[in-house]
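Participant: Here is what each chain is made of, one letter per residue.
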Amino acid sequence: MKDSIIRVIKFIGLGFLEPLIRLINKEEPKKNIKEVFRKIVAPIASVFIFVGLWQLGSTALYNIEADYKIEATLKSQGEAEAQKVKECMESGDPSCQPNTLPSPAQVYASYLTLLKDHKTIAADKKAFKEKTFELNKKRVKQGKSIITYTGRPSFVDQIKTSLKTVFAGFLLALFIAVPIGIVIGLSSTLRGSINWVIQILKPVSPVVWLLLVFMIVKTLTKNSEGDSAFIISFISVGLCSMWATLVNTAMGVASVNTDYINVAKILRLRPMQKIFKVILPASLPLIFTGLRITLSVAWMVLIAIELLAQSPGLGSFVWEEFQNGAMDSNSKIIVAMFIIGMIGFALDRIMLFIQNLISFEKETI
Amino acid sequence: MAILELKNIYKTYNPAKEDKGEILDNINLTIEEGEFVAIVGFSGSGKTTLVNLINGLLKPTEGKVIFKGNTVEDTSHERGVIFQNYSLLPWLTVYQNIDMAIQEAFPKASKKEKDVRVKEYIEMVGLTHATNKRPKELSGGMRQRVSVARALAMDPEMIIMDEPLGALDALTRGNLQDEILKIWERNKRTALLITNDVDEALYMADRIIPLKPGPKATLGPEFKVNIERPRNKTALNDDPEYKKTRNQIIEYLMNLGDAQAAESTATYELPEIQPKDFRWDAN
Chain A
1 MKDSIIRVIK FIGLGFLEPL IRLINKEEPK KNIKEVFRKI VAPIASVFIF VGLWQLGSTA
61 LYNIEADYKI EATLKSQGEA EAQKVKECME SGDPSCQPNT LPSPAQVYAS YLTLLKDHKT
121 IAADKKAFKE KTFELNKKRV KQGKSIITYT GRPSFVDQIK TSLKTVFAGF LLALFIAVPI
181 GIVIGLSSTL RGSINWVIQI LKPVSPVVWL LLVFMIVKTL TKNSEGDSAF IISFISVGLC
241 SMWATLVNTA MGVASVNTDY INVAKILRLR PMQKIFKVIL PASLPLIFTG LRITLSVAWM
301 VLIAIELLAQ SPGLGSFVWE EFQNGAMDSN SKIIVAMFII GMIGFALDRI MLFIQNLISF
361 EKETI
Chain B
366 MAILELKNIY KTYNPAKEDK GEILDNINLT IEEGEFVAIV GFSGSGKTTL VNLINGLLKP
426 TEGKVIFKGN TVEDTSHERG VIFQNYSLLP WLTVYQNIDM AIQEAFPKAS KKEKDVRVKE
486 YIEMVGLTHA TNKRPKELSG GMRQRVSVAR ALAMDPEMII MDEPLGALDA LTRGNLQDEI
546 LKIWERNKRT ALLITNDVDE ALYMADRIIP LKPGPKATLG PEFKVNIERP RNKTALNDDP
606 EYKKTRNQII EYLMNLGDAQ AAESTATYEL PEIQPKDFRW DAN
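Chains A and B supply the protein sequences, listed in that same order.
Mapping of the first sequence onto our numbering: residues 1 to 365, in sequence order.
Mapping of the second sequence onto our numbering: residues 366 to 648, in sequence order.
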């Protein structure tokens, strides 16, 4: 029972809980208490230290900003006005708070606001759907397009859109980079002749990719009513992130263990058999490492691309908050930052999990 | 009839530079059908290169490898190879590893025939209980058995073994020697064993040929093993013929080693040091 639980948590990447489970089962208490401290207590403590430092930092920044504001009012409008501003700040009125790094508490409050906002919008959507249900049925019968909800998307909706974009971009990268990687990995001539393209295009910034894709897609979608912002952003994400997979696949295919190649030769495997039964399985670990890098790069550039392409998602959420400059905008941006980080972490874990599922032991001796 | 002939083989990995990378030189060997020949040599003497020339993975720089009257240009199903490091594909099970060889060797056979054949060879090496295991779940000896089954399943006319038991412990080694001999005796295929173990060669082969160490390795004089089969390992130790041949081969190999050591022409400048006398002066 205990061992199978440990195996499961290790498999899903929660291996740090192992000593705690062992401790609960009264196994080697001395050693496991130490382990619990090292793997669970210490990391949690570091989170508290981080939040503490953040609190100190934001207070310091707040004071600088506040002093400056009072001073400025004193100079331009006189003592009475300055006193007013000071009182206003101390009263906690959000309208006259200085604009700086928000404190952890403010960020948490914004997080709750965003959740509440999501609930309101979700309810709104649902009501709208119910209201238009009958009407839409009629419209479908008449051959007209249905009425859809066009209200403001909530924070959660933005996350969903971003995930959709990154997933589409990742699939695009997968379907372009893996086949090309295999082909150029197999032929050293092709590898040599294409290498310059890869080396030159690999370091190109996401912004330039976006502009390039924009030039092409804009022309191609001139007459259609499709969601061109989504198309532009997912293609850009795919193009930016596919290089890691391309290079890794080519390298994996080109550097298959000579023992396996010799086996293929001795057994006289036909070319296709050789590729699918020997070369591809042997290079799978490297291909997967490439895909993992691709996914994390895709998530990283996605935010920048959404921000520039004006396509909905977390990137445009951050940009809109920054532009609109409401009193809780800063803390909403920080909330988005944490969410982006956590989703990136989760995506990487999922890839690692899949990689572990399909990996084999490379050592045959 | 000679099944395999090596004629004046010369192999270098570096044809441009005259004396670097020369592995084998002046190799002449004839193996008769049904014969069990062992080539014994020090590690690094070019044994694996010789094997790869015979199985077709490499081509000689000069000279010819002739198999059944035809020059060897490529690998062939007629020559099965058992590698030292097993070379099993780790992502395939025992069944799939052997099945892959059979699919290629007998493309016209029906699915059922192939299946029967795979199972037959798995049974032959005694691994029926491990049919669906992957190589990493098997011990070294079991992996080499799979490799033996894979080589034999293609029904080759000659089996080439490149230090097949080199990485195994002494007990497993002995067992597998017996098994390989049993399989060999059952259908009398031609066999070529490359090894660095004189006792193994004496126990298994009809004829033993030492490979002089490289660069420019060449074959030494052959030693016939006139001991009747089936051979018995324990009785072998007291067999006068065995002792005689063993001593001859070992002496030959030792002389080779000495000769190589004596060939060194480097001179070393020694420091001028005199031992100091630390005894108490009697006076």
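Keep in mind that the hints were calculated from the coordinates and are not lab data.
Careful: at least some of the hints might be erroneous.
What the hints assert, rightly or not - Below are the DSBU-like pairs computed for lysine-lysine, each with C-alpha atoms no more than 30 Å apart in a straight line:
| no. | chain 1 | residue 1 | chain 2 | residue 2 |
| --- | --- | --- | --- | --- |
| 1 | B | Lys-429 | A | Lys-274 |
| 2 | B | Lys-577 | A | Lys-274 |
| 3 | A | Lys-126 | B | Lys-501 |
| 4 | A | Lys-164 | B | Lys-501 |
| 5 | B | Lys-476 | A | Lys-274 |
| 6 | B | Lys-476 | A | Lys-10 |
| 7 | B | Lys-429 | A | Lys-39 |
| 8 | B | Lys-609 | A | Lys-265 |
| 9 | B | Lys-424 | B | Lys-476 |
| 10 | A | Lys-274 | B | Lys-473 |
| 11 | A | Lys-265 | B | Lys-598 |
| 12 | A | Lys-265 | B | Lys-429 |
| 13 | A | Lys-2 | B | Lys-501 |
What the hints assert, rightly or not - Listed below are several chain B residues computed to face chain A (Cβ distance under 10 Å; list not exhaustive):
| no. | residue |
| --- | --- |
| 14 | Asp-439 |
| 15 | Ser-441 |
| 16 | Trp-549 |
To be verified - So these bits of chain B aren't anywhere near chain A, every CB distance computed over 10 Å:
| no. | residue |
| --- | --- |
| 17 | Gly-399 |
| 18 | Gly-421 |
| 19 | Lys-473 |
| 20 | Arg-554 |
| 21 | Arg-572 |
| 22 | Pro-580 |
Only a predicted model underlies this, so the values are computations on that prediction, with no experimental measurement involved.
A virtual CB, placed ideally from N, CA and C, is assigned to each residue, including glycine.
Participant: For each hint, tell me whether it holds in the structure or not.
Facilitator: Consistency of the hints with the structure:
Between the alpha carbons of Lys-429 of chain B and Lys-274 of chain A the distance comes to roughly 28 Å, so the proposed pair stays at or under 30 Å and holds. For the suggested pair Lys-577 of chain B and Lys-274 of chain A, the alpha carbons sit about 37 Å apart, so the restraint of at most 30 Å is broken. Annotation: proposed proximity of Lys-126 of chain A to Lys-501 of chain B is violated, straight-line Cα distance about 55 Å (limit 30 Å). Restraint check: the Cα-Cα separation between Lys-164 of chain A and Lys-501 of chain B comes to about 39 Å, which exceeds 30 Å; the hinted pair is violated.
For the given pair, Lys-476 of chain B sits about 20 Å from Lys-274 of chain A by alpha-carbon distance, which is consistent with the 30 Å threshold. Between the alpha carbons of Lys-476 of chain B and Lys-10 of chain A the distance comes to roughly 41 Å, so the proposed pair goes past 30 Å and is violated. Distance hint between Lys-429 of chain B and Lys-39 of chain A is unfulfilled; the C-alpha atoms sit about 65 Å from each other, more than 30 Å. For the proposed pair Lys-609 of chain B and Lys-265 of chain A, the alpha carbon gap of about 41 Å is over 30 Å, so the pair is violated.
Under the criterion of a C-alpha separation no larger than 30 Å, the hint pairing Lys-424 of chain B with Lys-476 of chain B is inconsistent with the structure, at around 36 Å. Pair hint Lys-274 of chain A plus Lys-473 of chain B holds up; C-alpha atoms about 19 Å apart against a cutoff of 30 Å. With a C-alpha separation of about 36 Å, the suggested pair Lys-265 of chain A and Lys-598 of chain B falls outside the 30 Å cut-off, and the hint is violated. About 20 Å separates the Cα atoms of Lys-265 of chain A and Lys-429 of chain B, which keeps this hinted pair within 30 Å; it holds.
Between Lys-2 of chain A and Lys-501 of chain B, the direct Cα distance comes to roughly 26 Å. Compliance with the 30 Å bound is thereby established for this hinted pair. A least Cβ separation of about 8 Å between Asp-439 of chain B and chain A falls short of the 10 Å threshold, and the interface hint therefore holds. Contact between Ser-441 of chain B and chain A, as hinted, is supported at the beta carbon level, the nearest pair being about 7 Å apart and thus within 10 Å. The closest approach between the C-beta of Trp-549 of chain B and any C-beta of chain A is roughly 19 Å, which is over the 10 Å cut-off, so the hint fails.
The claim that Gly-399 of chain B lies off the interface holds: its Cβ sits roughly 22 Å from the closest Cβ of chain A, which is beyond the 10 Å cut-off. Its closest Cβ contact with chain A, about 8 Å, brings Gly-421 of chain B to no more than 10 Å, contrary to its assignment away from the interface. Lys-473 of chain B, annotated as away from the interface, keeps every beta carbon of chain A farther than 10 Å; the closest lies near 14 Å. With a least beta-carbon separation of about 16 Å from chain A, Arg-554 of chain B lies farther than 10 Å from that chain, consistent with its non-interface assignment.
Once the 10 Å rule is applied to beta carbons, Arg-572 of chain B is consistent with being away from chain A; the minimum gap is 25 Å. With a minimum CB-CB distance of about 22 Å to chain A, Pro-580 of chain B clears the 10 Å threshold, and the non-interface call stands.
Checked against the numbered hints above, the structure breaks hints 2, 3, 4, 6, 7, 8, 9, 11, 16, 18 and satisfies the rest.
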